[in-house]
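Please put together the full structure from these sequences, using the hints given.
Going down the list, the sequences are from chains A and B. Each residue of the first sequence is one higher than the one before, counting from 2 in this note's numbering. Each residue of the second sequence is one higher than the one before, counting from 2 in this note's numbering.
It is worth saying that the hints were derived from the structure and are not from the lab. It is possible that part of the hints are untrue.
Where chains are identical, the list cannot tell them apart; a pair therefore holds if satisfied intra-copy or between any two copies.
[To be verified] Below, in silico cross-link-like pairs of lysine-lysine (BS3-like), each with a Cα-Cα straight-line distance of 27 Å or less:
id	residue 1	residue 2
1	104	373
2	253	276
3	226	117
4	353	276
5	152	104
6	104	276
7	23	253
8	192	373
9	192	124
10	353	343
11	276	117
12	104	223
13	152	353
14	335	124
15	23	192
16	192	267
17	226	124
18	23	364
19	343	364
20	64	104
Computed from a predicted structure; not experimentally measured.
Protein chains: 2
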Amino acid sequence: MINPNEALNLIQGLIVPQNVQKIAIQDALGLILAEDLRADRDFPPFNRAMMDGIAIKNIALNKWLIEDIAFAGEPQKQLSHSNSAIEIMTGAPIPKDCNSIIKIEDIVFFELAGEKWAEYVGKDLLNPGQFVHAQASDCKQNDLILSSGTKIGPVEIAIAATIGKSELSVFEKPGIAIFSTGDEIVAIHEKPEAHQIRSSNSAMLEAALRSHGFSPTVAHMKDEKSVVEQSLESALAIHEILLLSGGVSAGKKDFIPEVLEKLGFKPIFHKIAQKPGKPLYVGNRADGKLVFAFPGNPISTLTCFWIYFLPWVLGNRLILSTIAVGNLPLSNPKLDQWLPVKINGEQAETLKNNGSGDLIHWKFADGLVWQKAGSTDQSLPFFPLRP
Amino acid sequence: MINPNEALNLIQGLIVPQNVQKIAIQDALGLILAEDLRADRDFPPFNRAMMDGIAIKNIALNKWLIEDIAFAGEPQKQLSHSNSAIEIMTGAPIPKDCNSIIKIEDIVFFELAGEKWAEYVGKDLLNPGQFVHAQASDCKQNDLILSSGTKIGPVEIAIAATIGKSELSVFEKPGIAIFSTGDEIVAIHEKPEAHQIRSSNSAMLEAALRSHGFSPTVAHMKDEKSVVEQSLESALAIHEILLLSGGVSAGKKDFIPEVLEKLGFKPIFHKIAQKPGKPLYVGNRADGKLVFAFPGNPISTLTCFWIYFLPWVLGNRLILSTIAVGNLPLSNPKLDQWLPVKINGEQAETLKNNGSGDLIHWKFADGLVWQKAGSTDQSLPFFPLRP
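Written out as structure tokens, the structure is:
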């Protein structure tokens with residue numbers, strides 16, 4: 002049986018199945034770019050004023066006659082006399098024959114014989130070229146500015162907009178089918194019999210995936226081998242990834258691994274030395290489709306999904322901060338444990354609970370800490386549960 | 002002029018305008034619950050097997066005749082003879098007259114005279130009640146299990162599903178209207194003249210908000226007072242928050258604060274001692290509506306949005322980790338600085354750039370570090386820019 006670190010490494014080695022798709026730029030944040038983007042012109046496209054103030058040519062003076070005013074959005078102006086100045090706003094093209102900007106805070110305007118003048122009242126020496134964002138200083142026309150494979154953050158969105166890309170080619174999110182199993186399960190809107198319970202895993206998985214922009218389908222399967230086989234086969238025709246909950250442990254109806262084998266899947270691993278979530282099964286097949294089959298207890302499904310599946314499918318590594326933990330139980334000698342904790346100032350406190358079937362006590366948890374088998378550490382990796 | 006810490010504190014004191022709305026449970030992750038939820042029955046609703054194995058009454062024995070089998074999803078069974086056992090699967094109700102479970106790993110089954118027997122081969126002493134998740138041990142029927150005001154994480158989704166809430170009352174996300182200003186700006190799909198540039202701030206703001214489940218409207222306004230006033234007034238009739246970019250600095254057409262005053266807004270603050278983003282304006286009015294007016298340079302808008310607006314509107318505090326920074330420039334004596342950095346192993350390196358109008362060099366940034374005015378610290382708070 003492998004440990005959680007080995008499982009995380011094996012999963013990191015799996016390729017998220019993705020096709021290329023064209024989407025609106027407004028929906029692209031967090032996705033991976035699937036095309037190279039080149040500058041459609043120089044950036045900045047013109048010598049651009051970085052400050053509100055005056056544009057000048059002769060920096061040896063300390064007073065200039067104002068001969069015009071240049072607003073952003075107007076075509077470039079022209080300085081008529083080399084000793085005068087043009088008032089200018091941030092974002093406007095620097096007038097022809099000007100080369101420097103003096104910012105408005107360093108100027109006093111005054112009138113003389115019906116004409117407007119500016120006097121320099123700043124403390125610093127004037128530098129030729131100051132506050133001019135020079136044409137092509139950020140990049141030249143045709144430069145490669147974003148490569149295929151780049152993760153699209155806010156800066157990438159702004160760059161793509163700047164060069165006129167209202168649509169982007171991206172690697173689309175894989176299609177995911179969620180299946181719950183277990184004959185004790187009824188749907189959320191149904192009234193359960195005494196021996197039944199409502200489905201909670203599917204709702205949790207669906208909500209988490211939707212909040213990250215996926216559009217999963219959700220269904221329940223009866224605990225019958227033929228039903229399970231048929232359901233999974235149909236789902237695989239249109240989805241890249243199956244998420245299952247239940248049916249992977251040691252019970253008489255736990256035939257998920259057997260059915261998956263029949264459908265051509267090979268386990269990457271089955272079972273991790275951890276609690277909760279020991280029976281986790283991860284498998285793939287030759288066409289690149291993948292299955293994550295979570296143990297059915299709600300806390301087991303939740304832990305396996307948030308630790309092993311979600312970071313991977315989002316293209317990230319699992320990143321955990323470290324936190325000091327109070328009232329830690331003794332570690333288990335053989336199994337790593339994921340313990341629910343409440344944050345209390347700089348510290349975390351472990352929470353009492355009735356095991357992996359107990360949702361109710363977990364509502365007090367701010368996150369999970371990871372206590373390794375046999376460890377005596379009092380500071381542990383922390384995973385937040387409130388997104 | 003206030004500093005960034007003072008600005009963050011003032012913003013934290015503002016109430017995010019929210020109405021109550023009923024939504025599907027699958028869309029509720031990350032929102033705030035607006036109703037109390039009570040248990041519709043005991044949890045667990047019956048004494049529930051926590052392991053696959055056998056259910057017994059007499060733990061003094063070490064061999065038991067198997068008289069039946071209990072699957073999850075079947076009505077409760079009844080033990081006929083106090084010395085025998087019923088095979089049982091995780092999730093099944095514990096049979097009447099049984100009180101303990103022995104897990105399958107600790108059992109060997111054998112046949113004797115045509116009947117099936119189980120023998121205990123485990124090492125530990127058997128405890129009465131073991132592996133029974135007792136009815137009502139998590140909570141009792143009618144107990145308050147989630148209070149109004151709770152942030153909905155994955156556990157809350159699962160709990161709500163368990164008690165049959167396919168819809169939840171939540172505080173809905175506020176309606177947001179995004180406006181860009183600046184006569185030099187044309188739309189993404191337009192071809193700019195030499196002195197014009199394409200809108201990039203609106204696309205960035207829209208993408209960021211949509212990735213968090215908001216549905217903002219987007220528009221551009223000409224730099225004319227009457228146009229701006231009319232546009233903002235119409236938007237305020239149906240939106241709770243306005244996000245503006247441009248028009249808040251010292252230029253001749255920077256009349257946004259003046260128009261906002263006319264519309265009944267009072268500034269919470271205008272200007273922060275920081276670079277980029279010094280002219281940031283935040284204001285509100287008596288009916289609870291709010292305006293964040295960002296300076297128009299792309300990096301200024303981006304910094305102000307991600308640091309001041311987004312954490313607040315999501316109901317979070319800005320949380321920054323600390324990172325050691327290489328090749329830090331000298332700090333500015335008067336202004337806090339947000340510097341773009343690239344992560345290199347455990348360290349961050351500051352990136353060269355041409356100021357807050359330079360999007361292109363910022364594409365190399367993994368995030369921003371916050372260098373306080375006059376600081377000589379080499380380890381700085383870090384904000385990641387790749388979600």
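Evaluated hints:
1. In this assembly of identical chains, the alpha carbons of residue 104 and residue 373 lie at most 27 Å apart only when taken from different copies (24 Å versus 60 Å within one copy).
2. In the homo-oligomer, the alpha carbons of residue 253 and residue 276 lie at most 27 Å apart inside one protomer (21 Å), although the nearest pairing across protomers, at 65 Å, exceeds that limit.
3. Proximity of residue 226 to residue 117 under the C-alpha cut-off of 27 Å is restricted to the inter-copy arrangement: shortest distance 25 Å between copies versus 90 Å within a copy.
4. Taking CA atoms no more than 27 Å apart as the test, residue 353 paired with residue 276 passes inside one copy only; the shortest distance there is 15 Å, against 48 Å between copies.
5. Proximity of residue 152 and residue 104 under a CA criterion of 27 Å is satisfied in neither setting, with 37 Å inside one chain copy and 47 Å between copies.
6. Within a single copy, residue 104 and residue 276 get their C-alpha atoms only as close as 64 Å, which misses the 27 Å cut-off; across copies the closest is 16 Å, which meets it.
7. For a Cα distance limit of 27 Å, the shortest separation of residue 23 from residue 253 qualifies neither inside one copy, at 46 Å, nor across copies, at 41 Å.
8. With identical chains, the CA atoms of residue 192 and residue 373 are never at most 27 Å apart, being 41 Å at best within one copy and 58 Å at best between copies.
9. Taking the shortest alpha-carbon separations for residue 192 and residue 124, neither the intra-copy value of 78 Å nor the inter-copy value of 42 Å comes in at or below 27 Å.
10. Taking the closest pair of Cα atoms, residue 353 and residue 343 come within 27 Å of each other only inside a single copy of the chain (11 Å); across copies the shortest separation is 42 Å, beyond that limit.
11. Taking CA atoms no more than 27 Å apart as the test, residue 276 paired with residue 117 passes in neither setting, with 79 Å inside one copy and 32 Å between copies.
12. Taking the shortest Cα distances, residue 104 and residue 223 sit within 27 Å of each other only across copies (24 Å), while inside one copy they are farther apart (73 Å).
13. When the C-alpha separation of residue 152 and residue 353 is checked against a cutoff of 27 Å, the pair qualifies only between copies, where the shortest distance is 21 Å, while the shortest distance within a copy is 40 Å.
14. Taking identical chains as interchangeable, the C-alpha atoms of residue 335 and residue 124 lie at most 27 Å apart only when they sit on different chains, with a minimum of 16 Å there against 71 Å within one chain.
15. Proximity of residue 23 to residue 192 under the C-alpha cut-off of 27 Å is restricted to the inter-copy arrangement: shortest distance 21 Å between copies versus 44 Å within a copy.
16. For a Cα distance limit of 27 Å, the shortest separation of residue 192 from residue 267 qualifies neither inside one copy, at 38 Å, nor across copies, at 53 Å.
17. Taking identical chains as interchangeable, the C-alpha atoms of residue 226 and residue 124 are never at most 27 Å apart, the minima being 84 Å within one chain and 35 Å between chains.
18. Within a single copy, residue 23 and residue 364 get their C-alpha atoms only as close as 40 Å, which misses the 27 Å cut-off; across copies the closest is 21 Å, which meets it.
19. For the identical chains of this complex, residue 343 and residue 364 are intra-copy neighbours only, at 10 Å inside a copy versus 37 Å across copies, given an alpha-carbon limit of 27 Å.
20. With identical chains, the CA atoms of residue 64 and residue 104 are at most 27 Å apart within one copy only, with a shortest distance of 14 Å there and 93 Å across copies.
Violated hints, listed in ascending order, are 5, 7, 8, 9, 11, 16, 17; each of the other numbered hints is respected by the structure.
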